[in-house]
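Each chain, written out:
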Amino acid sequence: MPLPSGIYNTTYKKDMAIFRTWDHWAWLIGFLAAMCLLPLFASRAQLNILIVICSTVIAVHGLNILTGYCGQVSIGHSAFMAVGAYTSAALCNELGFSFWLAMPLGGLAAGVVGLIFGAPSLRIKGFYLAITTLGAQFIIIYVIMHLPSITGGVRSLDVPPPKFFGFEFDREQSYYYLALAMVVLVTYFVKNLVRTGVGRAWVAVRDNDLAAEGMGISLFYYKLLAFFIGCFLAGIAGSMYAHYLQTISIEYFSLMDSIWFLGMLIVGGGGSVMGAIFGVVFIMVLREAIVKVAPIITTAVPALGVEFGAAMGLFIMGLVIMLFLVYEPRGLAHRWEVIKTKFRLYPFPY
Amino acid sequence: MTIFLQHAISGLMVGAIYGLVAAGFVLIVKATDVFNFAQGELLILGAFVCWSLMAQAGLPAWAAVLLTLVAAYVFGAAIEHFPLRPMIGEPLYAMILVTLAVGLCMRGALTAIWGGMSWRVFKPPLLPVEPLKIGGLILSQQHIYGFCIAIAVVLILSAFFKFTKAGLAMRIVAEDHKVAQAMGISVQRVFRNTWAMSAMLAAIGGVLLGSMNGINIPLANIGLKAIPAALIGGAQSIPGAIIGGLMIGLLEGLSTGYIGHGIQDVLAYIVMIIVIIFFPHGFFGLETIERV
Numbered sequence: 001m002p003l004p005s006g007i008y009n010t011t012y013k014k015d016m017a018i019f020r021t022w023d024h025w026a027w028l029i030g031f032l033a034a035m036c037l038l039p040l041f042a043s044r045a046q047l048n049i050l051i052v053i054c055s056t057v058i059a060v061h062g063l064n065i066l067t068g069y070c071g072q073v074s075i076g077h078s079a080f081m082a083v084g085a086y087t088s089a090a091l092c093n094e095l096g097f098s099f100w101l102a103m104p105l106g107g108l109a110a111g112v113v114g115l116i117f118g119a120p121s122l123r124i125k126g127f128y129l130a131i132t133t134l135g136a137q138f139i140i141i142y143v144i145m146h147l148p149s150i151t152g153g154v155r156s157l158d159v160p161p162p163k164f165f166g167f168e169f170d171r172e173q174s175y176y177y178l179a180l181a182m183v184v185l186v187t188y189f190v191k192n193l194v195r196t197g198v199g200r201a202w203v204a205v206r207d208n209d210l211a212a213e214g215m216g217i218s219l220f221y222y223k224l225l226a227f228f229i230g231c232f233l234a235g236i237a238g239s240m241y242a243h244y245l246q247t248i249s250i251e252y253f254s255l256m257d258s259i260w261f262l263g264m265l266i267v268g269g270g271g272s273v274m275g276a277i278f279g280v281v282f283i284m285v286l287r288e289a290i291v292k293v294a295p296i297i298t299t300a301v302p303a304l305g306v307e308f309g310a311a312m313g314l315f316i317m318g319l320v321i322m323l324f325l326v327y328e329p330r331g332l333a334h335r336w337e338v339i340k341t342k343f344r345l346y347p348f349p350y
Numbered sequence: 001m002t003i004f005l006q007h008a009i010s011g012l013m014v015g016a017i018y019g020l021v022a023a024g025f026v027l028i029v030k031a032t033d034v035f036n037f038a039q040g041e042l043l044i045l046g047a048f049v050c051w052s053l054m055a056q057a058g059l060p061a062w063a064a065v066l067l068t069l070v071a072a073y074v075f076g077a078a079i080e081h082f083p084l085r086p087m088i089g090e091p092l093y094a095m096i097l098v099t100l101a102v103g104l105c106m107r108g109a110l111t112a113i114w115g116g117m118s119w120r121v122f123k124p125p126l127l128p129v130e131p132l133k134i135g136g137l138i139l140s141q142q143h144i145y146g147f148c149i150a151i152a153v154v155l156i157l158s159a160f161f162k163f164t165k166a167g168l169a170m171r172i173v174a175e176d177h178k179v180a181q182a183m184g185i186s187v188q189r190v191f192r193n194t195w196a197m198s199a200m201l202a203a204i205g206g207v208l209l210g211s212m213n214g215i216n217i218p219l220a221n222i223g224l225k226a227i228p229a230a231l232i233g234g235a236q237s238i239p240g241a242i243i244g245g246l247m248i249g250l251l252e253g254l255s256t257g258y259i260g261h262g263i264q265d266v267l268a269y270i271v272m273i274i275v276i277i278f279f280p281h282g283f284f285g286l287e288t289i290e291r292v
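Line order of the protein sequences matches chains A and B. Numbering-wise (our numbering), the first sequence opens with residue 1 and increments by one. Numbering-wise (our numbering), the second sequence opens with residue 1 and increments by one.
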């Protein structure tokens, strides 16, 4: 990225810094402070959306590692989320674990299940692998449905809220801070992970796996690592989601959700950490807008019928994804970079 | 034994229709290297259009089916032209997502036009309903007709690929775009025809399935069943698609008969995963050698 004139990288440390200048830090701290102050002004419904956005961002970070960085398309990401959600719920319900232990264990379980479904990636790739993950979506949900003693089967399952020394995170306000902290933590982790040798190896595998193998990158290790970390984050997200809602059922983890995750990645821009966040925020806000607008249209024009709202939602979402694919295939993150660079270099063109 | 045969045969009969839908899927993969997730939506589109033409416009069955095929042709060509042509050369997950997005759009539009969950049933039925009794077996005539039509369509398709000039053009485009262009074949036109034909196959499958069980939006999930069928057979082989479809159908018949309802979809995917681990290109697929 071009730096504004007068700013030079004089040390290695400076070169590697994510935030290079004081005003970058000021923007970051200002933004985080604004996010922290938000519950003072936002209504419960708005906080609810924000918390769902937070847990979705964690899941999409995982999908971004797997699909955006390592190039292994997953059409079953919400099933891995379900594994995390149900594992952590079952650990809390059956064995009385605390949330702080159950959440990482849920992530771990999702990661291990991800390894199982990622194992075929060593022999098959591309579309065939994508369909294997689509199979994972059906198989995992089927298994959850048929273990009613632990998961409640098709009925919903109650999940206790997280507790911290007697303080319960059972309201939107308190849970929001927890979710925000997790998002910041995961974003920090992912942003740095993709800058290491591991991240570079993933990009090499994505761009051409045969060439990557020729350069001495172990496909076995890096593909499975991507599956493990990607699904681990999905599991964490699932656990966050479950303990927030305090009740889960398999309907929250459908194939449609997996498709949304991919759509969010496309809209935001795969292979970019900011892209995952942009995509989730964009799609979730759009979805909320549709939910708000659809009843107005249906009451104004009753001839359209009751199902018009849902139909319009699907149609607009599909259209948005299609338009982004055709006109902005690198997503919002790319557009953001362009704007940022222009702003930084102003008034010079480069 | 009779029960076994009963389950197996009824499974195979439905399997032929899965094979037909899978053949549409394979057709697109063969010529354009795109994996079309909107196949199920194309299927219900055909079924709904045919139903509307018969029940609402009052056309006779043969005219309705013919018009449905024309509509499917136009619609398939339109899908190829608008979202897919600008996408040529994009990475795999963009290609997967664009067809998923087409599917979402179609599902939304179809729900808005024909309603989400309500069943539309062909009245009078397109195919005779009285079951046949052969020995101890009870066979639905609809299933038999459906099976025969599906097999006949695939045979016609194979003959088309083998003996006509347009089929030859499709085969060469599947082989190599540059060579095809050097031979004076319009790759664009072949792409358009491929999508259109695939949409027609889906529409035939939709009308057949719709005439058996009625039509509603969730019927589109059949498209997700055609995918394992296509991959088991090998994503580039039309006879493979039919064999894959028959296998999935057989599996479905036997598993619903002996294990219970609900497992069939999962089993199809489990079998598919096992098959492609051992045969990464399916049973009849094209094995390609990759170079850096």
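No lab work stands behind these hints, which were simulated from the structure alone. Ideal placement from N, C-alpha and C gives every residue a C-beta, glycine not left out. Certain hints may be false.
[Said to hold, decoys possible] Okay, the calculated bits of chain B under chain A, using three or more residues with CB under 8 Å as the criterion:
id, region
1, 51-63
2, 124-130
3, 247-261
4, 268-277
[As the list claims (entries may be wrong)] Example chain A residues on the side facing chain B (calculated, C-beta under 10 Å, incomplete):
id, residue
5, Ile-141
6, Ile-259
7, Pro-349
[Claimed, not checked] Every beta carbon over 10 Å from chain A, so not counted as near; a handful from chain B, in silico:
id, residue
8, Ile-3
9, Phe-35
10, Leu-92
11, Leu-110
12, Thr-111
13, Ser-158
14, Phe-160
15, Phe-163
16, Thr-164
17, His-177
18, Gln-181
19, Asn-213
Per-stretch coverage check for the region 51-63 of chain B, three Cβ contacts closer than 8 Å to chain A: With 0 residues close enough to chain A, the hint is violated.
Coverage of the region 247-261 of chain B by chain A, judged on three or more residues with CB within 8 Å: violated (count 0)
Nearest-CB test (10 Å) between chain A and His-177/B: holds (19 Å)
Non-interface claim for Leu-110/B versus chain A (Cβ beyond 10 Å): For Leu-110/B, whose nearest Cβ neighbour in chain A is about 8 Å away, the distance does not exceed 10 Å, so it is violated.
Whether Phe-35/B stays farther than 10 Å from all C-beta atoms of chain A, as the label says: violated (5 Å)
Given as non-interface: Phe-160/B, which should sit over 10 Å from chain A by C-beta: holds (25 Å)
Interface exclusion of Asn-213/B relative to chain A, criterion Cβ beyond 10 Å: holds (21 Å)
8 Å C-beta test of the region 268-277 of chain B against chain A, three or more residues: holds (count 6)
Cβ separation check - Thr-111/B to all of chain A, threshold 10 Å: violated (4 Å)
Beyond 10 Å from each Cβ of chain A, as asserted for Leu-92/B: violated (5 Å)
Given coverage of the region 124-130 of chain B by chain A, tested with a Cβ cutoff of 8 Å and a minimum of 3 residues: violated (count 0)
Hinted contact Ile-259/A with chain B - closest CB pair below 10 Å: holds (5 Å)
Comparing the model with each earlier hint shows violations of hints 1, 2, 3, 7, 9, 10, 11 and 12; every other hint is respected.
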